[in-house]
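Chains as they are written, first to last, in my numbering: chain F, 226 to 339; chain H, 85 to 195.
I should point out that these hints are in silico values taken from the structure, not numbers from a laboratory. Certain hints may be false.
[To be verified] Cross-link-like lysine-lysine pairs, in silico, DSBU-like; alpha carbons within 30 Å at most:
hint: 1; chain 1: H; residue 1: Lys-154; chain 2: F; residue 2: Lys-266
hint: 2; chain 1: H; residue 1: Lys-140; chain 2: H; residue 2: Lys-154
hint: 3; chain 1: F; residue 1: Lys-266; chain 2: F; residue 2: Lys-239
hint: 4; chain 1: F; residue 1: Lys-266; chain 2: F; residue 2: Lys-291
hint: 5; chain 1: H; residue 1: Lys-143; chain 2: H; residue 2: Lys-154
hint: 6; chain 1: F; residue 1: Lys-291; chain 2: F; residue 2: Lys-280
hint: 7; chain 1: F; residue 1: Lys-267; chain 2: F; residue 2: Lys-280
hint: 8; chain 1: F; residue 1: Lys-245; chain 2: H; residue 2: Lys-141
hint: 9; chain 1: F; residue 1: Lys-289; chain 2: F; residue 2: Lys-266
hint: 10; chain 1: F; residue 1: Lys-266; chain 2: F; residue 2: Lys-245
hint: 11; chain 1: F; residue 1: Lys-239; chain 2: F; residue 2: Lys-291
hint: 12; chain 1: F; residue 1: Lys-267; chain 2: F; residue 2: Lys-289
hint: 13; chain 1: F; residue 1: Lys-239; chain 2: H; residue 2: Lys-154
hint: 14; chain 1: H; residue 1: Lys-140; chain 2: F; residue 2: Lys-267
hint: 15; chain 1: F; residue 1: Lys-267; chain 2: H; residue 2: Lys-141
hint: 16; chain 1: H; residue 1: Lys-143; chain 2: F; residue 2: Lys-267
hint: 17; chain 1: F; residue 1: Lys-245; chain 2: F; residue 2: Lys-291
hint: 18; chain 1: F; residue 1: Lys-245; chain 2: F; residue 2: Lys-267
hint: 19; chain 1: F; residue 1: Lys-280; chain 2: F; residue 2: Lys-239
hint: 20; chain 1: F; residue 1: Lys-280; chain 2: H; residue 2: Lys-143
hint: 21; chain 1: H; residue 1: Lys-141; chain 2: H; residue 2: Lys-154
hint: 22; chain 1: F; residue 1: Lys-267; chain 2: F; residue 2: Lys-239
hint: 23; chain 1: F; residue 1: Lys-239; chain 2: H; residue 2: Lys-143
hint: 24; chain 1: F; residue 1: Lys-245; chain 2: F; residue 2: Lys-280
[Said to hold, decoys possible] Quick list of the computed label-pair ranges, beta carbon to beta carbon:
hint: 25; chain 1: H; residue 1: Arg-177; chain 2: F; residue 2: His-310; range: 31 to 39 Å
hint: 26; chain 1: H; residue 1: Ser-110; chain 2: F; residue 2: Lys-289; range: 29 to 37 Å
hint: 27; chain 1: H; residue 1: Leu-194; chain 2: F; residue 2: Lys-291; range: 35 to 43 Å
hint: 28; chain 1: H; residue 1: Thr-104; chain 2: F; residue 2: Lys-289; range: 24 to 32 Å
Using N, Cα and C, we set each Cβ at its ideal position, and we do this for glycine too.
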Amino acid sequence: GAVVSQHPSRVICKSGTSVKIECRSLDFQATTMFWYRQFPKKSLMLMATSNEGSKATYEQGVEKDKFLINHASLTLSTLTVTSAHPEDSSFYICSANRQSRGYTFGSGTRLTVV
Amino acid sequence: TQLLEQSPQFLSIQEGENLTVYCNSSSVFSSLQWYRQEPGEGPVLLVTVVTGGEVKKLKRLTFQFGDARKDSSLHITAAQPGDTGLYLCAGARNYGQNFVFGPGTRLSVLP
Chain F
226 GAVVSQHPSR VICKSGTSVK IECRSLDFQA TTMFWYRQFP KKSLMLMATS NEGSKATYEQ
286 GVEKDKFLIN HASLTLSTLT VTSAHPEDSS FYICSANRQS RGYTFGSGTR LTVV
Chain H
85 TQLLEQSPQF LSIQEGENLT VYCNSSSVFS SLQWYRQEPG EGPVLLVTVV TGGEVKKLKR
145 LTFQFGDARK DSSLHITAAQ PGDTGLYLCA GARNYGQNFV FGPGTRLSVL P
C-alpha cells in the first residue's frame, strides 16, 4: 500500500518550453503533497507544499510563476516548470505524508533542459 | 542553518565492515524517521522512532533514538553493496507537523 506514482520518469525539453510532472497517490487520498528538488549528490530541497483545492505554499526563494503547482483532486498534484532553462535541469521528487507511515515518495523525474 | 545535521557526509567502506551514521539536532523531535534513497529513485522509509531511548532493528540495521529525542543513529552490521545509497533522517517537532529532512549521508559499500 501507500504508493505514489510520478510521471514522467525522464524528460528532455528545449529551453523556453514548459514541462508538466504528475504525482498521483494510487491507493490513498492525499490532501497534501510535497515537491522537492534534488541536485546531484545532494539532499532533498523542499520547493513547495501542494494543498488540495487551494494554493500551494512555496518555500523561500522558489519562484511561484516559474514552478506552477496544481492540486485539483485528492489523488493528483502537478508541477509545471514554465519557460524552462538549463539551470532548471534537476531531479524533481514528489511525496505525500501518511502520518502513521511516513512520507511516501514518487520515483522522481529527471528533467534535462537543452 | 540546518535543523538536522547528519554525519558523516560521505562514507566509503568495504563489504563486511560495520558503520554508524548520525543525525543530530539542538531541537527535540516528537518523532524521527530514516530513509534510504538509491540513485535515480525516491527515498524509501526505513523506520520511524518516537520514544526517547528507543531501539529498532531491521535485519542488519539498528536504529536508536536518543534519550532526549534530539539525536538518532543508524548502525549497519556487515555492510553489503546493496546498502549503498543516501541515508536521510527526517524529524517532526510536534505531532502532525511536516517533517524536516537532514542533508543526508552518502554511503558507498565496495565489494
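Which numbered hints turn out to be false for this structure?
-> As far as the earlier hints go, 8, 13, 20, 23, 28 are violated by this structure, in ascending order.
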